[in-house]
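Line order of the protein sequences matches chains F and U. Numbering (this note's numbering) for the first sequence: 15 to 220. Numbering (this note's numbering) for the second sequence: -19 to 230.
No lab work stands behind these hints, which were simulated from the structure alone. It is possible that some hints are incorrect.
[Said to hold, decoys possible] Just the calculated beta-carbon pair ranges, DEER-fashion:
1. U:L(-5) to F:E58: 52 to 60 Å
2. U:Q194 to F:V120: 43 to 51 Å
3. U:D118 to F:G47: 22 to 30 Å
4. U:S183 to F:G199: 47 to 55 Å
5. F:G47 to U:D203: 29 to 37 Å
6. F:V73 to U:A(-8): 33 to 41 Å
[To be verified] Below, a sample of chain F positions facing chain U; criterion: calculated Cβ distance under 8 Å:
7. N44
8. W82
9. G151
None of the values given here were measured: they were computed from a predicted structure. A virtual CB, placed ideally from N, CA and C, is assigned to each residue, including glycine.
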Amino acid sequence: MKRETASQTAGPYVHIGLAPEAAGFDIFENNFGPVLVSAETRGERIRIEGRVFDGIGTVLKDVLIEIWQANAAGRYAHPGDRQPGKPLDPHFRGWGRACTDFESGVYAFETVKPGAVEGRNGRTMAPHVNAWIVARGINVGLNTRIYFSDEAAANATDPVINLIEWEARRKTLVAERLDAKAANGAAVYRFDIRLQGDDETVFFDV
Amino acid sequence: MMELQREPRPDAEFLMRDTTSHPLALTPAYKTSVLRSPKLALISLQQSLSEVTAPVFTADELGEDDNDLILNYAKGGLPIGERIVVHGHVHDQLGRPMKNALVEVWQCNASGRYRHKRDQYIGALDPNFGGCGRMLTDADGYYAFRTIKPGPYPWRNRVNDWRPAHIHYAISGDGWVQRLVTQMYFEGDPLIRSCPILGVVPSEEQIRGLIALQDSAAFVQLDSRAYRFDIVLRGQRATLFENHVQKAAA
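With the hints as constraints, model all of the structure from the sequences given.
Laid out in C-alpha cells, this is it:
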C-alpha cells in the first residue's frame, strides 16, 4: 500500500490559487467563493461568520476555510449519499470557501441551515457543517464541525459531540445564533476558531 | 427480537490516516507553526456520510485556459522564464486512479515574486504571469498543466532562509477526508536540503515523494521541458462484512 502524499502548509499566499480575487487580481471567469446559495436554493438562509485566533489570542488574517454540508433536507450532493426520502436540491452543492479579511480577520459564509444527517449505526447526527482550515503555519489542514446553538436537543444526542470526553470542550463546536439578522434577512451564527490555548477548538482526526 | 442488519452507510470508508506520513502540527524550526498548532489531541472519528462525501466538480466550471499558466494571464506578451510542463497521476493509496479530482496550483513567477498584495519581495512582478491554475483529472487520474518554472525566494523565518522553487497544490478527491494541500519541489534544487518547511516532513521517503523528477520523455521539442509529479490520496475501500447486531424496535 502506498503512503499518502505528505501535507505541506498552504502558506501565506494561498489566496493566489484558491481565491485570486482576494490576492488582488482577476484571472478566472468562475471563482469559488463563500456564497453557497442562489435565489432558488431551498432552506433557511443563514450566515456563518467568525474569526480565527492563534495561541495568544491574535486574530489571524491569512486563513482559508472551506465548508461542506448537507442541504436543508439533510442530503449531501454526492452519489455516496443514498438516504431515503431526502431530495437533492439542484440549486445547492453545499461547498464553499472563504478567506479571513486582511483587515478585520472576519470570515463569512452565506448558506442554508443543513438538515440532520444519518450517522453510523442509524444514529442521527445533529445539523452541522464540516469545516477545513488551512493557513501559513498549519502543516496539515485542520478538520472541525460547526453545530448550531438553537439545536440544543439534537446536539445533546449527537454521536460525534458525545465522543468528546471533555464536556467543557463540546461548546467549541457550537456556533452561537445571534439576535440580530443580517442585512439580507439571514440568521447570523458566530463561530470563532481557536487554534491553540484556552478554549482550543476541537479538531478531528477523520 | 434481534435481527442482523447491514449497516447501510457509509459503504466505502477511507483508510485511517497514517500520521507518520505527515508533519507534526508543532514544528518549531518553522516558526509560524508554534502558535498555530493545536496542543490538544485530535478527536478520532469513525467516518460518516459527512466524511466520505465531498463536492463534485464539473468541467464547465473551469475555463479553457485555466491549466495554462503561460497563457491564462498573458496581457499581450509571454511571461519570462523557463517554460515547463508539469504532469502526473493522482491515485489513492490502493492504486485506484482518482478521476475527476480537482487539482488547483499556485506559485510565484521566475523572479520568486508572488502576484499577491501582501508579497513585498524585491523580485519583479511579471505583467504576463498570474501564477495560478486548475484542472480536473481524467478517467486515468491524469493531470497536466503548462507554466513557468518558479524561482526561489527569501522568507522571514530565520534571516537567511530561502524557499526552494516550488508549486503549491490543493487536491479535492471523492471524500472530504481526502482533501490535501501540499507543495511540489524540483529535482536537483540545492535549497531542498535546508528548507525549514520541507524539513518538517518526517521521512526521506515522504520528502522524495514531494520532489518532481525531470521527465525528458514528455519534453515538448524546441519548446518546454517537463516534470512528473504523482500524488497519492487517502485510500478508499469497500466495506466487506461490517454487519452489526441491532435490536429491532419493539
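Are Q194 of chain U and V120 of chain F spaced within 43 to 51 Å by their CB atoms?
Between Q194 of chain U and V120 of chain F, where Cβ atoms are some 44 Å apart, the hint holds.
That 22 to 30 Å hint for D118 of chain U and G47 of chain F (C-beta), does it hold up?
Since the Cβ atoms of D118 of chain U and G47 of chain F sit about 26 Å apart, the hinted range of 22 to 30 Å holds.
Taking the closest Cβ pair, is G151 of chain F under 8 Å from chain U?
With a minimum Cβ separation of about 3 Å from chain U (threshold 8 Å), the hint on G151 of chain F holds.
Can you let me know if the beta-carbon spacing of V73 of chain F and A(-8) of chain U is within 33 to 41 Å?
holds, 40 Å
That 52 to 60 Å hint for L(-5) of chain U and E58 of chain F (C-beta), does it hold up?
Roughly 36 Å apart at Cβ, these two residues miss the hinted range, so it is violated.
Status of the hint placing N44 of chain F at chain U (closest C-beta pair under 8 Å)
holds, 5 Å
Agreement of hint W82 of chain F with chain U interface, Cβ distance less than 8 Å
W82 of chain F check passes; min Cβ-Cβ to chain U is 5 Å, inside 8 Å.
For S183 of chain U and G199 of chain F, compare the CB-CB distance with the range 47 to 55 Å and indicate the outcome.
holds, 53 Å
Is the gap between the beta carbons of G47 of chain F and D203 of chain U within 29 to 37 Å?
holds, 35 Å
The structure fails to meet hint 1 from the earlier list, while all remaining hints are met.
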